[in-house]
Structure formats: C-alpha cells, structure tokens
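S.K.: Guided by the hints, dock chain H onto chain E, whose structure is given.
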Amino acid sequence: MSQERRFADPAAVRALATRIARLAEGLPRCITIMEVCGTHTHAVAAAGLRRLLPPAVRLIAGPGCPVCVTPVGYVDRAEALARRPDVIVATFGDLVRVPSSHGSLEQCRAEGGAVHVVYSPRDALAVARENPGRTVVFLGVGFETTTPTVAAALAEAETAGVPNFRVLAGHKVMPPPMRALALDPAVQVDGFLLPGHVSVIVGSDAFEFVASELGRPAVVVGFAPTDVLRGVEAIVRQVREGRPAIENLYARVVTREGNREARALVDRFFEPVDAVWRGLGPIPGSGLALREGLAHRDAGRIEVEVCAPVEPHGCRCGDVLKGVIDPPECPLFGRVCTPASAVGACMVSSEGSCAAWYRHGG
Amino acid sequence: MCLAVPMQVLERRGELAIVELDGVQREVSLMLQPEAKRGDFVLVHAGYAIGIVDEQEARETLALLAEMARLEGGEGEPGAAFR
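In the order they appear, the protein sequences are chains E and H. Everything in the first sequence is counted per my numbering, starting at 1 for the first residue and increasing by one. Everything in the second sequence is counted per my numbering, starting at 363 for the first residue and increasing by one.
Hints listed in this document are in silico derivations from the structure and should not be mistaken for laboratory results. Honestly, I wouldn't trust all of these hints.
What the hints assert, rightly or not - Here are some chain H residues pointing at chain E (derived, C-beta under 10 Å): (1) 364; (2) 393; (3) 395; (4) 410; (5) 415; (6) 435.
Stated by the list, open to error - If you want the ones that stay clear, here's a sample from chain H, every Cβ over 10 Å from chain E, calculated: (7) 374; (8) 380; (9) 399; (10) 401; (11) 416.
For glycine and all other residues, C-beta sits at the position ideal for the given N, C-alpha and C.
One chain only, chain E, in its complex shape:
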C-alpha cells in the first residue's frame, strides 16, 4: 500500500520537527523518551530522526529487540537441540547469528546441525509435516505481536494432528520490563513511545498503568517518521503540562481493546512465568511458558546437555538495553564488535541499538 509511504512526507516531517523544537523551549529540563520496540529502533535510526530533535529531547531505545534480550542460555539450548539427529530446529532468521556461549546457530548449522530458517511458524509446521520421523522445534522468541502466530501454529498442529511439532518457549511480554525500567533509579525515562504492533494485539488500554501507576506519558505510535515525531510531540506536550496520559496516535491499526481472538489463542497455549532478560535480569511474570498440559509440545522437555552460559566478555549490551549508555560508549563498539563480526546480540539484529547506530550513526 503506497498510502503507508505518505506517512513519511518530508513537508510534514519538517513541520513536526519545527513544532517539537518550539514546544521543547518550554521544557523545565532535558527529557528522555524511550521506545521499546526494535522496529522503532530501526525506523528512528534509518530515518535519522534523532538529528531532527532539539537538544532538550533525548530519544533512546529500550529492551525492544526480542533477539537482543534473549539470554545466551536459550541459544545454547537451541544449538544442543539442533545437534540431536532426531531434531530439526526451525527459527526466524533474526536468531541464527546471535552469539551463544561458544558459537551461534549459524556456526552450528555449518558443523552439521539441523537449523532451518523460516519466515512464519506456519512454515515450521510444514517442515514438521515433511519430516515425520524427526521432531521439529520452533524457536518461540518474540513479544506480544509474534506469540499469537506461534499459538496459531500450535493450534493447527493440534487440530491437524502433527505430533512432531514443538516450541522452545522464550516469548516475553512488554509491560513488566517497562515497569522495572521506570522504577529503576539508574534509568531516566520521562515518557514511553509504545510499541505499535504489540499494541495491535494487546490494545492501548493495556498500557494505562504507565500513566496511572508510573506517572509517565505514553503514546502508541506507528513506524513512519511522522508517526514517531507525533509521538515525541505528544510526550513533550504532556511533560510540559504535567498531565501524563495514554494517547493512541496509531489508530489506523490499534484499538483500545486490541485483538481478542489472538490473545485468547495465546492464553490457550501459554501461561505467564518469570523470565530472564539480558541486561535487565530476572523479571517476574515477564515471560510465557507452555501450559502444563502441553508437555508433548514443549521442546524444553527434550533432554540435552547444556553447560552454564558464558556472556561475551566486555560487552555492554545490558547497559545499552536499559538506555543507560548509547552504543558508542561501549568500548567494543565499532572496534571488535561490528555487524560482520558481532560480539553482542545488540550488534547482530538489524533491530538492535548497536547495529542501528553502526549503520546509521544513531
């Protein structure tokens, strides 16, 4: 749809930048706005939006890249599964180059491990149908946008009788880390740009707590340059007026209640569990595990030998994910850690802050 491109109209982008600059003059202090979606990280950097903002408005990326926040131990387990002769690992492409303790899934595949890159969980189900003698393990990584697609594939596997399809559950949900970051005294966040496509599923009402409980402005925005800038403008205005609220500026796809069908399907297969986020540590209720009655779909129950995870030495991914430092402040950035030879996950995924800064200069 070429209409989506019209949301990048340069005249509107210039107008918004002017409006933000004017509004920012009335700010009592410098403010920090955090986005929590890898697609925003990429969009902001690719369009050079930071360069359009006045010095009083800092826009940072939080833990919105699912691959970046996935702990090393998860990738280690996926590798160990791929080495089993009776298993095929199917994964989104984002995960194959993420460093594990001693390599990556890409390296594992080069050494004979069975790793298939797929575009959709449906494709992983097709791999299972084509290989009835082996267990196909889909790497279930991603936030609220992605989890329903994995639940849908599980539902199809149950209905159509595909017994050899399993999921290694590593899904995460966004509200708990946002709460953790807002309450962390080491992190300054004056407002949140809310993840647009997570909001398609959960609805804008799911973020009411950000204003009511955490007292921060939060605005649902899309991914075009004007979408992001309108969100920044709304937050600056709210800070000036001292009236934090949830605004939905992506109403062309986001409703207050979200996609109930998708959430019902997720609830059928998954339940909340405490989860570890790289950089943020363990956060209660921030992950999703397969429900107890679904042991036959749970790849976490396939026995493999996995050693204690080894984090890359000197990598400051964790501080980048919390927005405590900008990527160039990491001593490895651009020297030993580049997209071609990444040390940390944030440099691997195109949605990672480090990769975005490296490619587009912030």
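M.R.: This is chain H only, laid out in the frame that chain E set:
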C-alpha cells in the same frame, strides 16, 4: 521482529487469504483475524494477518499531516528545523 506490513486481501480461501502489496502476492493465514474481507488492508506479520487497517483513520491522519505541513510551511527560516 515486530515488523508488520499492510497488504490488501485479494481473495479468501477458507482460513487463508491471498494478499498483495505493490504487485507482490502472498498467502497468509486469517486465523488471528477471521473477519477480514476481500478489499480490506490487513496487517501481516510472520505469515498471519494480525489486524485490519482502518482506512478512515488513515485518511484522517494524512489530512492532519497535510494541514500541519501547510501551517508550518510558511514560517521560519528554511531548513531551521534540521540544525
């Protein structure tokens, strides 16, 4: 990873649909968005339609942006916003 793209529904085939964007066609599942109709723009993520684009809202936002551009167009020094 949460990238999703609006594509137009050309045809429904049970729980599947053929969708199109700029001449590229794909088959997607409507399991998460069963009420999508022919002609709708659906938001496609990882092989599934996860939402429907509200065309009226999209048009209103574009009208608002055009108005902002018009209002701001005449004032200030050209390029001032980019420094």
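S.K.: Does each hint fit the structure? Answer for all of them.
M.R.: Hints versus structure:
1. Among the interface hints, the one on residue 364 of chain H holds; its C-beta lies about 4 Å from the nearest C-beta in chain E, closer than the 10 Å criterion.
2. The beta carbon of residue 393 of chain H is positioned within 10 Å of a beta carbon in chain E (closest approach about 5 Å), and the interface hint is therefore held.
3. The criterion of a C-beta within 10 Å of any C-beta in chain E is met by residue 395 of chain H, whose closest approach is roughly 7 Å, and the hint holds.
4. For the restraint placing residue 410 of chain H at the interface with chain E, the shortest Cβ-Cβ distance is roughly 5 Å, inside the 10 Å limit, so the hint holds.
5. Interface restraint check: residue 415 of chain H against chain E, minimum CB-CB distance 6 Å, threshold 10 Å, status holds.
6. Hint status for residue 435 of chain H: holds, given a least beta-carbon distance of 6 Å to chain E, under 10 Å.
7. For residue 374 of chain H, the shortest C-beta to C-beta distance to chain E comes to about 16 Å, beyond the 10 Å cut-off, and the non-interface label holds.
8. The claim that residue 380 of chain H is not at the interface with chain E holds, since no C-beta of that chain comes within 10 Å of its own (minimum 15 Å).
9. For residue 399 of chain H, the requirement that its beta carbon stay farther than 10 Å from each beta carbon of chain E is met, with the minimum near 15 Å.
10. Here residue 401 of chain H stays apart from chain E, with its beta-carbon at least about 12 Å from theirs, past the 10 Å limit.
11. Here residue 416 of chain H does not stay apart from chain E, with its beta-carbon only about 5 Å from theirs, under the 10 Å limit.
The earlier numbered hint that this structure contradicts is number 11, and it is the only one.
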